[in-house]
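Here the protein sequences come in this chain order: A and B.
Its first residue numbered 3, the first sequence is counted upward by one per residue in my numbering.
Its first residue numbered 895, the second sequence is counted upward by one per residue in my numbering.
Source of the hints: derived by calculation from the structure; they are not laboratory data.
It is possible that part of the hints are untrue.
Within a straight-line C-alpha distance of at most 27 Å, the following computed BS3-like cross-link-like pairs (lysine-lysine) qualify [said to hold, decoys possible]:
(1) A:113 to B:1058
(2) A:262 to A:218
(3) A:113 to B:1016
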Amino acid sequence: MSRLVPTPSTGVIPERDLGKTPVLEVVRLGIDFGGLTAVDDFTITVGPTEICGLIGPNGAGKTTVFNLLTNVYQPTRGTILLNGVPTQGKSVHEVNKMGIARTFQNVRLFKEMSVEDNVLIGLHNSMNYNIFESFCKMPRYIREEKRSHEKAMELLSIFNMEHLAEDRAGSLPYGVQRRLEILRALATDPSIILLDEPAAGMNPNETEALMQNIQKIRDTFRIAVMLIEHDMNLVMGICEGIAVLNYGRIIAKGTPDEIKSNPQVIEAYLGNRRNEGA
Amino acid sequence: MKKKFNLPVRQLATVGAFALFLLLGNFLMAKKIIGLYYTKVLMVAAINMILAVSLNIATGFLGQLPLGSAGFMAVGAYTSAIIMRKVTFVSPALAFPVCIIIGGLAAALCGFIIGLPALRLKGDYIAIITLGFAEIIRIVILNIDSALGITLTYGASNLKNIPKTTTFTNAFIWVFIVCYLVSALMKSRHGRAILSIRDNEIAAESCGINLTYYKTMAFIVYAFFTGIGGALYAGYLGILNPSGFSFAKSIDILVMVVLGGMGSMTGSVISAAVLTIVPEILHAFSDYRMIVYSLLLIVVMIFRPAGLMGNKEFSMDMLTGLFKKKAKGERSKK
Ligand SMILES: Nc1ncnc2c1ncn2[C@@H]1O[C@H](COP(=O)(O)OP(=O)(O)O)[C@@H](O)[C@H]1O
Ligand SMILES: [Mg+2]
């Protein structure tokens, strides 16, 4: 596990990423829904190969942060720099092309389409042929489709899912659907991938495998990963930097060890647990 | 991706089967086994196939619900018919394909103009906007001559003397062209993008799919092919009246798509054929015709709520697959 060092901005990133442009620099981000402030004063810096975690009790605003980062919601305050470029005013699909991909808390696959087609949608923007070339089955159409098919199979092989390529995505078990969603996001060639509770509904063995795979993905694709997760073994096991959100605000930031011993974090979690018990 | 037959073989087989169908049809007509009346029924069936296949792009593949097919049809029909009447320096048979395409383009332009603003919005605005559009088109065709003091559409007093250039052969050639183009589209990245929007808009957008672009593209393709169907309709009737492009016409086509199975092109083709030909055969029942027709629809919807074909396509692989399944079943029985 690497040490955290300061960047020119206020954030911290892993030491090995020092000198490189942070993939994500978020400054004082906030959003109000009517009178409710769902997220406020959210500031974070993510290094280009960092795995970072976003934790906090239910309703803390974690998913809302993901929706802000992907421009699903327009922020009320604050700025987002993606690879040094502001994303303000961009639409959701443009932000994806700029390098951010995500999964959803309640899996959103293209259920009626095949597993391979789901990945091919991720590869859509990397394919280069126009509609007339597909009408006439021009060489470029055939070449690009072949290349994308191979690329899709290569991606599926990360989770050993090649044999499922022709299955209907909606017919897969829940855990497999979650993995497919990660592959589809990876297919868009992002520089950072946002995972919303990737281990939800997985058993300890599957979670263990997922942890290794997230690290493998980071190492092979050299991308950053930001994940929301309730499974503390996973978060403490693979995240280098962690931010804790409570009532829409960051109450603590730091390495897993710092977070574990932070009294405010313990209070937020224990307080929360006490409420749930009542 | 793995198909039992490779691409050129499949294409040759399809073209061959289609040529055989045309030959057989022409032979039966020449021998008067298929009379003039049923030749006309088959031509209407072909036109309905085009209309249903194109509506299926917007409903089955894109997941929108346009209720204005009659409007795009009218634009295609009148545009093509008006030009056909004016063009006298080449033979009508030569001018017809060009006029059909111009009719389609005119409908596509209308599709772009009303589709772009409606599809930018989140939500189902397309139904009401296309409904309004079709009515406006009908009223405009009805009144434009008297309002502007010109003779273009002849309003309620019929646009007559349109060269009757639609034939069994050219109608089915257009069916073939439209079906080929639609299936090629759906096997491309553009077609996949359209399907992904139907399945999950939010996810599609997060994967970098430009929603407005692909929704508008699908909608324009729908309008274009519907306009082509309209142009063929004009060449079939030889006489046009705006009352032929009412809301009921749009609903007829929608029923074909729903019955065939939303999202199945071959389903649309089969159901367009069935729903055109069966009522004609039922003419014998005259008074009970519409009741039998409605009952037929209800029965199909009860036993196959997703339509005849669901969202599957009919193909050679399916046939061989069925055959294998049967063989397997028989083997396991032994
Ligand atoms: N579109 C929205 N409109 C109004 N309130 C919202 C909206 N999205 C999220 N919220 C509110 O923001 C808060 C944080 O929700 P969320 O980000 O889903 O929490 P978490 O993912 O941390 O469990 C909740 O109180 C939720 O009701
Ligand atoms: Mg959440």
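Going through the hints against the structure:
Restraint check for residue 113 (chain A) and residue 1058 (chain B): not satisfied, since their Cα atoms lie roughly 47 Å apart, outside the 27 Å limit. Our distance criterion of 27 Å between C-alpha atoms is met by residue 262 (chain A) and residue 218 (chain A), whose separation comes to about 25 Å. At roughly 21 Å between alpha-carbon atoms, residue 113 (chain A) and residue 1016 (chain B) fall within 27 Å of each other, so this suggested pair holds.
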